[in-house]
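*Asks:* Taken in order, these protein sequences are the chains called A and B. Just so you know, this note's numbering puts 94 at position 94 of the first sequence, and the rest follows in order with no gaps. Just so you know, this note's numbering puts 42 at position 42 of the second sequence, and the rest follows in order with no gaps.
In short, the hints are calculated from the structure, not lab data. Among the hints, erroneous ones may be present.
[Unchecked claim] What follows is a set of in silico ranges between Cβ atoms, one per label pair, in the way DEER data are often shown:
#1 M1/B to R147/A: 55 to 61 angstroms
#2 E108/A to E86/B: 15 to 21 angstroms
#3 T49/B to R124/A: 34 to 40 angstroms
#4 I139/A to S23/B: 30 to 36 angstroms
For each residue, glycine too, the CB sits at the ideal point set by N, CA and C.
Protein chains: 2
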Amino acid sequence: MIRYYWEDFTPGWSYESGAAPMSAADIRRFAQEYDPQSYHTDETAAKATPFGGLIASGWHTCAVAMRLMCDGYLLDSSCVGSPGLEELRWLAPVRPDDALRLRATVLEQTPSRTHRGRGTVKFRWDVLNQNDAVVCRMIGRQHYLRRIPAP
Amino acid sequence: MIRYYWEDFTPGWSYESGAAPMSAADIRRFAQEYDPQSYHTDETAAKATPFGGLIASGWHTCAVAMRLMCDGYLLDSSCVGSPGLEELRWLAPVRPDDALRLRATVLEQTPSRTHRGRGTVKFRWDVLNQNDAVVCRMIGRQHYLRRIPAP
Chain A
1 MIRYYWEDFT PGWSYESGAA PMSAADIRRF AQEYDPQSYH TDETAAKATP
51 FGGLIASGWH TCAVAMRLMC DGYLLDSSCV GSPGLEELRW LAPVRPDDAL
101 RLRATVLEQT PSRTHRGRGT VKFRWDVLNQ NDAVVCRMIG RQHYLRRIPA
151 P
Chain B
1 MIRYYWEDFT PGWSYESGAA PMSAADIRRF AQEYDPQSYH TDETAAKATP
51 FGGLIASGWH TCAVAMRLMC DGYLLDSSCV GSPGLEELRW LAPVRPDDAL
101 RLRATVLEQT PSRTHRGRGT VKFRWDVLNQ NDAVVCRMIG RQHYLRRIPA
151 P
């Protein structure tokens with residue numbers, strides 16, 4: 001059932017997902033519930049903003065990246081949560097019919113100081129569009145159970 | 001229509017929202033779409049995890065915080081987007097029937113170096129539960145139009 005434990009995420013380990021399409025309807029639906037700024041909800045109003053058209057909420061981009069991570073490796077892992085991110089950058093707008101993919105790269109792998117059965121992994125997660133532009137970058141940590149507890 | 005421009009977000013400006021309830025159904029619905037780890041989607045499976053029960057996806061907490069921000073001041077502002085966060089911490093689990101509120105505090109106010117009509121505001125955003133525990137903390141920036149362009 002569990003394929004990836006803490007030990008597997010050695011520095012340089014990487015994963016790249018397939019592409020998730022973002023439709024205008026998806027963008028509006030997320031935004032109407034969580035981020036109803038006009039450039040996320042209304043294509044006509046969005047044209048008059050500096051963005052020149054509808055763009056996805058940054059939180060929608062993060063949520064889609066999370067789903068790509070889950071389907072890619074997280075649901076097959078021993079992950080037991082995340083303390084957070086030390087960087088989250090929205091680098092370029094996500095527009096209707098963009099297709100997003102996730103690239104995960106391990107930066108550091110640290111045993112827990114307090115739990116023999118756990119460790120932490122620091123990742124860079126880049127979200128790319130169909131033109132290979134990085135639209136979102138996250139640097140953060142996740143906690144994982146170890147396959148074999150530390151001695 | 002616009003009540004808050006860049007000039008209004010002086011250091012120390014703060015806002016605290018009312019409370020948004022998080023139901024178990026809300027938690028599961030968000031997670032099924034964006035973060036289907038078992039401790040976010042399945043109350044029975046969640047009991048066997050280190051969390052001891054269902055908890056909200058951290059991205060759900062961020063999305064709810066964004067909605068509280070929108071309703072509190074952002075939709076009445078000249079906000080033209082965010083470059084991102086320099087810190088995002090998930091500090092405590094969010095559980096069913098928690099009620100979350102947002103506390104926003106301005107840390108810095110910086111005129112744009114390139115746009116006379118814009119500026120940037122650095123905020124701390126704390127998400128609190130009904131026991132006043134900070135469950136999530138974000139430090140980041142938003143860009144706003146100025147009421148009066150710089151000379």
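*Asks:* Are the hints correct? Go through all of them and say.
*Replies:* Each hint, compared with the structure:
1. M1/B to R147/A: 55 to 61 angstroms: With Cβ atoms ~58 angstroms apart, the hint holds.
2. E108/A to E86/B: 15 to 21 angstroms: Since the Cβ atoms of E108/A and E86/B sit about 19 angstroms apart, the hinted range of 15 to 21 angstroms holds.
3. T49/B to R124/A: 34 to 40 angstroms: violated (26 angstroms)
4. I139/A to S23/B: 30 to 36 angstroms: At 32 angstroms between Cβs, range holds.
When held up to the earlier numbered hints, the structure conflicts with hint 3 and nothing else.
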